[in-house]
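**Student:** Residue numbers (my numbering), protein chains in the order written: chain L, 127 to 504; chain Y, 11 to 316; chain F, 2 to 249; chain S, 453 to 778.
Please note that a few of the clues may not be correct.
Claimed, not checked - Subject to a maximum C-alpha distance of 16 Å in a straight line, what follows is the list of computed EDC-like cross-link-like pairs (lysine to aspartate or glutamate): (1) Lys118/F - Asp646/S; (2) Lys301/L - Asp330/L; (3) Lys774/S - Asp216/F; (4) Lys774/S - Glu149/F; (5) Lys169/F - Glu23/F; (6) Lys10/F - Glu95/F; (7) Lys179/L - Glu406/L; (8) Lys74/F - Asp646/S; (9) Lys433/L - Glu406/L; (10) Lys169/F - Glu149/F; (11) Lys489/L - Glu274/L; (12) Lys433/L - Glu185/L.
Simulated from the structure, these hints should not be mistaken for laboratory data.
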Amino acid sequence: MKSIVKMGVIGLALSVSDLAMAEPIKIGMITTLSGGGAGLGIDTRDGFMLAIKQAGNDEIEVVTEDDGQRPELAVQIADKMIQSDQVDILTGIVWSNLAMAVVPSATAQGKFYVSTNAAPAALAGANCHPLYFNAAYQNDNLHEAAGEYANGTYEKMFIMAPNYPAGQDSLTGFKRYFEGEVTNEVYTQVGQTDYAAEIAQIRDSGADAVFMFLPGGMGIAFMKQYAQSGVDIPVTGPGFSFSQDVLPAIGEAALGVKNSGQWAPDFDNEASKAFTAAFEEEYGRLPSIYAVQAYDAAQLILSAAAKADVKDQEAFAAALMEADIESPRGDFSFNTNRHPIQDIYMMEVVDKDGVLTNATLEKVFDDHGDAYAEQCTQ
Amino acid sequence: MSSALLIEQLLNGLQLGVMLFLMAAGLTLIFGVMGLINLAHGSLYMVGAFACAWVSAQTGSFWIGLAASLAAAAAMGALVEILVIRRLYKRDHLDQVLATFALILIFSEGTRYLFGSVPLYLNVPPELAGFVVLSGGSRYQLYRLAIIGVGIAVAIGLWLLISKTRLGMRIRAGESDREMIGALGVDIRTLYTIVFALGAALAGFAGAMVGALQSVQVGMGEPVLILAFVVIVIGGIGSIKGALVGAILVGLIDTMGRFLVPQIFALFMGTSQAATAGAAVASMLIYIVMAIILAVRPQGLFAGAR
Amino acid sequence: MAEPVLSLKGVSKSFGALKATENVSLDLYPGEIHALIGPNGAGKSTLIHQIAGTLRPDTGEISFLGERIDGLKVAERARRGLGRSFQVSSLAPEFSALRNVMLAVQSVQGSSFRFFKPVLSDRSLVDPAMEALARVGLQDRARVPAAELSHGERRQLEIAIALALGSKAFLLDEPMAGMGPEGSKALTGFLSELREEAPILLVEHDMDAVFALADRISVLVYGRVIASGSVDEVRADPEVRRAYLGDE
Amino acid sequence: MSRETYVNIALALLLLAIPFAALQWGSPFYVTLATRMAILALAAVGLNLALGLGGLVSFGHAAFFGVGGYAAGILASHAFNMQPLNLGIVSFAGTNSMLVIWLVAILVAGLLALLIGLISLRTSGVYFIMITLAFAQMTYYFAISWPAYGGEDGLSILVRNQFPGINTMVPLSFFLLCYGVLIAVLILFAFLRDSRFGAALQASRQNEVRVASVGIAPFRIRLAAFVLSGMITALAGALYADLNRFVSPSMMSWHMSGEFIVLIVLGGVGRLYGPVAGAMLFVMVEFLLGGMTDRWQFFLGLGLLAVVLFARGGIVGALAGKVRHG
């Protein structure tokens with residue numbers, strides 16, 4: 127029987143929808159498992175697989191491959207998964223630039239893409255696609271929240287990000303909500319490791335606080351140097367630079383930093399407590415936000431699979447759109463551009479029994495969507 | 011813009027320059043004596059940083075970590091020289107580029123295998139955690155000042171080593187005439203291993219010191235390596251003096267460019283636009299300066315023995 | 002007397018404190034072999050380098066066919082007809098003898114910026130090259146890579162290249178070096194004929210060959226010309242005997 | 453025919469056979485893999501002109517590759533958005549015709565190669581290696597920080613560009629197009645190698661002084677070779693952008709430049725089909741190793757080191773013996 131189905135798939139392409147209910151779902155996960163950004167990809171994979179495992183649904187098959195954080199490799203893997211493995215859904219990409227390489231061509235070839243993290247503005251507005259769902263956020267969300275939070279707290283802000291699209295979107299997102307004065311707007315080089323020159327400018331700026339978006343190693347370097355410099359202007363930022371995977375490398379320098387995010391391990395809802403416990407038991411470490419987002423992406427796919435056949439794309443998309451899940455983040459629904467509407471919080475880095483982690487400070491946005499949804503007409 | 015800020019930025023440029031010098035000195039020495047282009051020099055920088063971070067975490071002392079970084083980088087340098095590099099001296103530059111490119115892949119992936127992908131933690135030692143007050147009331151980080159001091163000390167030490175010691179005499183002989191040092195009865199294989207290990211130790215030392223400021227992670231050596239190339243091309247390959255001048259030039263231009271170019275751009279365009287365009291130009295500035303210097307002096311400022 | 006083909010006036014070149022050539026003046030006239038001799042380190046090769054253009058003199062003038070050439074690059078001097086052989090044999094080692102000569106023919110014919118016609122089937126390149134090889138007696142070794150030729154054969158090949166260039170003067174730097182007696186003898190005969198085609202400035206250690214070939218000799222010691230004249234004049238010059246030939 | 457000619461024909465047929473065999477056996481992805489081989493081979497053929505024939509070890513050819521890619525990406529995006537490309541004085545309409553894109557890619561890369569060559573060819577040896585690397589880094593940083601065309605995020609080409617008479621969205625058709633371009637450029641390369649220009653270029657690699665002393669200025673020959681070389685690599689870049697339907701600064705990273713050198717050395721330096729053999733092996737090994745272990749770069753490094761130290765001459769050298777220049 128199985129071999130007959132397989133032959134049918136190869137020979138007759140899509141004419142097998144009659145066999146729908148017996149048809150398993152094949153998911154291709156492309157994520158970063160080697161190189162400097164591997165920590166994020168590993169959390170993505172583990173969070174996703176936790177949900178699959180909990181569901182106990184053996185009709186779902188996941189193939190995982192490492193993109194090495196290289197766009198051209200991600201494209202190659204996506205082509206292979208689409209053409210040879212014949213996956214139904216792609217997921218797992220961490221980085222916006224890799225998503226830009228893979229997502230438009232995957233959806234153009236008629237595959238679902240459910241994003242676990244990357245959410246470039248270019249895919250949220252006019253170029254949105256009915257098969258592209260984002261389970262994480264829209265890239266600007268956390269910056270907007272930081273801007274909104276600053277309104278009540280600071281008057282003059284020094285804002286800084288790397289000179290690339292995500293960085294430019296970041297400062298734009300911040301300024302979209304911040305109403306006070308921006309003393310300096312500084313763009314650093316991508317991959318920059320020494321921030322002495324920028325720190326000197328911060329010292330000189332007379333700002334009340336710094337907003338900085340420096341993901342990965344850049345943030346680690348900046349925070350350490352900032353703490354050593356003795357400048358005592360407080361730092362805020364989006365949660366990326368203070369998530370569970372980077373906090374140990376920053377060390378005490380991160381203590382007290384306020385950062386925006388949609389989830390922290392101390393969330394007081396049942397789904398979150400259950401998830402955190404299950405994740406710690408399975409992998410022996412605290413989950414990061416990337417694990418949560420991937421966990422929700424898997425939950426979304428599972429919920430849709432229970433209602434519709436993945437080959438019937440319209441029905442499956444509609445089922446995904448219902449977002450019928452219990453997210454550790456709390457309220458979760460999809461906007462018209464298939465990006466989340468969710469609550470965004472401010473967190474603070476605290477020392478919890480010798481482990482640095484984030485504690486929830488206050489809710490900044492309730493049911494927050496994004497600025498691009500109106501432009502999405504597809 | 012206050013004068014204190016300007017002084018602070020000049021010091022920052024100097025500190026970057028001094029750090030680049032530690033990298034460039036090893037590269038240029040190895041090229042001068044053995045005629046070898048070593049792309050894996052950045053990997054030795056990484057080895058130093060990882061050794062320092064790991065040993066510091068185990069022992070709780072930055073200083074033991076720093077000593078370990080010197081030892082680890084020198085030992086790794088000697089090992090690589092004996093296993094691989096010495097087979098490359100008689101080869102053309104193409105083979106050298108390729109083999110050391112392969113070494114980068116091996117080092118990076120090997121380090122990741124040993125230490126994982128998560129960046130390691132390393133902080134400045136408590137003894138150097140303070141600040142100095144600059145004229146004008148601004149403060150400058152003691153640790154960075156210490157890096158400048160150490161860099162100058164290393165430069166003087168290298169100069170003494172090369173001009174005043176027997177080893178230095180042999181190195182100079184090696185730079186001018188390889189057959190002659192054979193005739194002097196010097197064991198050339200040992201000399202080459204020592205020079206390579208010395209260069210490696212300098213790189214590892216730089217890696218360890220900078221590791222306390224930045225994040226210790228795989229791939230950290232590559233951007234520094236390329237900057238060090240720019241330094242020795244500007245200074246003249248094979249010349250230690252050129253490496254020093256080139257390093258400080260690059261350090262100052264890069265720092266001041268990042269600081270000043272966006273401000274200059276802001277004089278005739280919008281702030282946001284000036285910030286992005288200025289940053290774009292600033293990131294290319296040292297390459298532009300390099301091109302201009304080479305257009306005037308194709309062999310760099312201080313052309314070496316070759 | 003006719004105009005000199007090549008003329009040096011007051012050519013000096015120093016490397017730091019070392020004066021490699023000091024105020025050297027000499028002329029090369031049509032039809033003659035002018036030998037340049039002197040002990041090792043006297044500056045003979047440095048002088049050849051300055052004439053060919055690989056080194057620039059500090060002061061002085063070099064004229065060729067009545068025009069100043071001391072500002073020109075190597076390739077330009079070669080195009081004007083200054084043919085050169087090297088002390089340490091200098092050829093394209095992977096190329097066959099024939100292709101080495103063809104390169105010279107190609108240069109004489111003008112542009113090297115022709116991108117499509119295969120050279121090996123181009124008779125306008127192959128024929129003159131084979132002719133030049135035949136003149137130096139290398140026609141049977143035409144297809145052998147230069148790296149596999151014997152030392153003497155490489156010398157012959159260099160001269161074939163100079164011939165193919167149609168040079169109006171030859172600078173030959175120790176063409177006899179490393180040759181056996183047979184080869185030296187054959188080459189001596191050949192050079193003797195060659196001078197009818199274009200004059201030769203010859204640097205040579207083999208004194209038998211020099212005395213057999215040279216019309217005139219200049220003696221270079223510590224970068225200075227200490228004597229210049231016919232073979233007999235130079236032989237008789239007491240200063241030369243003292244400084245160079247030793248007191249026999 | 454020489455033994456090398458047989459080896460070359462075998463390699464050409466082997467590459468051509470891969471996609472047909474893949475379709476036969478129901479693994480259509482190998483068509484894409486073969487296309488990748490053809491395009492990377494083409495890029496390396498370009499570098500082989502400078503490096504193999506001219507001895508110019510350029511460690512910055514990724515810059516030209518990226519310029520080709522961006523030519524395709526930028527023109528296609530302007531065509532897609534129907535906004536003209538405004539260059540201050542003049543403005544062009546965007547296009548999705550590959551022929552126009554190729555022409556633009558070749559011209560822009562040629563201009564860039566001329567500028568880089570004018571400065572870097574004044575030097576030689578290690579200087580040349582480092583300077584070409586530095587210039588490529590400069591273009592890389594420029595591409596990352598210039599926001600207009602996506603910067604670090606890169607630029608998507610939503611629909612593959614058009615070639616007259618071919619449906620480029622069909623993987624096999626696109627492969628055949630790339631393969632055709634590769635073969636055409638290989639023929640061009642063979643003509644260049646055997647021409648007067650090629651003779652002067654190869655001679656200037658073997659002995660610069662000799663070339664000058666027969667009256668040929670090596671600088672101009674090398675500059676021409678460097679420019680041609682950059683143009684070919686840019687053409688490959690334009691095709692690569694269309695293969696991935698995406699361009700990003702990573703096409704200009706120094707790893708890419710290193711990869712081109714690897715392809716040539718694996719296949720055989722200066723050999724006509726060296727880059728083809730190198731690209732076929734490299735892409736296959738990368739694909740298979742990548743499927744087996746996350747640490748594939750470690751083994752890639754070891755393999756590469758072994759090739760450099762012990763297996764000189766590359767694949768074509770091993771199969772066809774040493775080069776003989778008539």
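**Student:** Given the hint that Lys10/F pairs with Glu95/F, does the C-alpha gap stay at or below 16 Å?
**Tutor:** Violated - the C-alpha atoms of Glu95/F and Lys10/F are around 39 Å apart, more than 16 Å.
**Student:** Please work out if Lys179/L and Glu406/L have their alpha carbons no farther apart than 16 Å.
**Tutor:** holds (15 Å)
**Student:** Checking one constraint from the list: CA of Lys489/L to CA of Glu274/L, max 16 Å. Satisfied?
**Tutor:** holds (11 Å)
**Student:** Given the proposed pairing of Lys118/F with Asp646/S, does the C-alpha separation stay at or below 16 Å?
**Tutor:** It holds: about 7 Å lies between the C-alpha atoms, which stays within 16 Å.
**Student:** Sort out whether Asp216/F lies within 16 Å of Lys774/S, counting only the CA atoms.
**Tutor:** violated (47 Å)
**Student:** Quickly compare the C-alpha distance for Lys433/L and Glu185/L to 16 Å and report which way the hint goes.
**Tutor:** Between Lys433/L and Glu185/L the Cα gap is close to 14 Å, so the pair holds against 16 Å.
**Student:** Lys169/F and Glu149/F were given as a pair; does the straight-line alpha-carbon distance stay at or below 16 Å?
**Tutor:** violated (30 Å)
**Student:** Has the given pair, Lys169/F with Glu23/F, been kept, meaning a C-alpha gap of at most 16 Å?
**Tutor:** violated (26 Å)
**Student:** Can you confirm whether the C-alpha distance between Lys774/S and Glu149/F stays at or below 16 Å?
**Tutor:** holds (14 Å)
**Student:** Are Lys74/F and Asp646/S close enough, with their CA atoms no more than 16 Å apart?
**Tutor:** violated (27 Å)
**Student:** Between Lys301/L and Asp330/L, is the straight-line Cα distance small enough, at 16 Å or below?
**Tutor:** violated (21 Å)
**Student:** Quick one, are Lys433/L and Glu406/L close enough, alpha carbons at most 16 Å?
**Tutor:** Roughly 30 Å between the alpha carbons, so the hint for Lys433/L and Glu406/L is violated.
Hints 2, 3, 5, 6, 8, 9 and 10 from the list above are not met by this structure, while the remaining hints are.
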